[in-house]
Amino acid sequence: EDKVVQSPLSLVVHEGDTVTLNCSYEVTNFRSLLWYKQEKKAPTFLFMLTSSGIEKKSGRLSSILDKKELFSILNITATQTGDSAIYLCAVLDNNNDMRFGAGTRLTVKP
Amino acid sequence: KAGVTQTPRYLIKTRGQQVTLSCSPISGHRSVSWYQQTPGQGLQFLFEYFSETQRNKGNFPGRFSGRQFSNSRSEMNVSTLELGDSALYLCASSLFPGFNTEAFFGQGTRLTVV
Chain A
9 EDKVVQSPLS LVVHEGDTVT LNCSYEVTNF RSLLWYKQEK KAPTFLFMLT SSGIEKKSGR
69 LSSILDKKEL FSILNITATQ TGDSAIYLCA VLDNNNDMRF GAGTRLTVKP
Chain B
0 KAGVTQTPRY LIKTRGQQVT LSCSPISGHR SVSWYQQTPG QGLQFLFEYF SETQRNKGNF
60 PGRFSGRQFS NSRSEMNVST LELGDSALYL CASSLFPGFN TEAFFGQGTR LTVV
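Order-wise, the sequence lines are chains A and B. Each position in the first sequence, counted from 1, maps to that position plus 8 in our numbering. The letter at position 85 of the second sequence is residue 84 when you use our numbering, and the numbering goes up by one with no holes.
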């Protein structure tokens, strides 16, 4: 059965720390992996990863995909309180079916 | 540029009733996707519409249906509501279908079934 597993489920860090969030998947006909940040209600898109080994970067956030080991990581450096959110990973297959992980709740303390 | 607008924001219904939720995408976006988010199941894909056609459907019973109008606005309908349908329903819009482009989410409709 296809699945997307995120770890850890929750994480508490202090401002300035660096965090790494994990997303592993077992999905047939993999097409791409997406990361979202969800604060309050509406998720916001962060990255879409399709190719293995190519890092995508946006400010303090970066992400990379490993299609051989079937996982992706999302890194956040120099964390700020505004980074506190649920980070969602989703995998899209060639049938356009999208599966989300349970999310990682990140809390950044001042 | 206005974002994705979902109405209503909050809704309380009783078991057995039906409900219709509305989503107005960003101007110019023709693809609308619907998601259900619950604490137990997380975020799950419901269906996707593009140019008034349903292109993709998640694993939900037939009580969940939707449609898209010529102006790209979309509605989602749930009939014969069950307690387990209580959830945050999110809508996302994008220029093209198939999740190839960045999708913008609305603030959601919080449905409570009592």
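Quick caveat, the hints were computed from the structure, so don't treat them as lab data. Errors might be hidden in some of the hints.
What the hints assert, rightly or not - Listing some non-contacts, in silico: residues in chain A with all C-beta distances to chain B over 12 Å: (1) 23; (2) 96; (3) 109; (4) 118.
As the list claims (entries may be wrong) - With the Cβ distance kept under 10 Å, some of the chain A side facing chain B (calculated, not the full set): (5) 16; (6) 49; (7) 51; (8) 98; (9) 115; (10) 116.
Every residue gets a Cβ at the ideal spot worked out from N, C-alpha and C, and that includes glycine.
Verification of the supplied hints:
For residue 23 (chain A), the shortest C-beta to C-beta distance to chain B comes to about 27 Å, beyond the 12 Å cut-off, and the non-interface label holds. Not every CB of chain B lies more than 12 Å from the CB of residue 96 (chain A), the least distance being 6 Å, so the non-interface label is violated. With a minimum CB-CB distance of about 7 Å to chain B, residue 109 (chain A) fails to clear the 12 Å threshold, and the non-interface call is violated. Non-interface call for residue 118 (chain A) relative to chain B: holds, since the shortest CB-CB distance, roughly 27 Å, exceeds 12 Å.
Interface hint at residue 16 (chain A): violated, since its Cβ lies 15 Å from the closest Cβ of chain B, which is beyond the 10 Å cut-off. Checking residue 49 (chain A) against chain B by beta carbon gives a least distance of about 5 Å; that is within 10 Å, so the hint holds. A cut of 10 Å between beta carbons decides the hint on residue 51 (chain A): the least distance to chain B is about 5 Å, and the hint holds. The interface hint given for residue 98 (chain A) is met, as the beta carbon of that residue sits about 8 Å from the closest beta carbon of chain B, less than 10 Å.
Look at residue 115 (chain A): its Cβ only gets to about 17 Å from chain B, farther than 10 Å, so that hint breaks. At its closest, the beta carbon of residue 116 (chain A) sits 22 Å from a beta carbon of chain B; the interface hint therefore is violated under the 10 Å criterion.
Figure legend: structure checked against the earlier numbered hints; hints not met, in rising order: 2, 3, 5, 9, 10.
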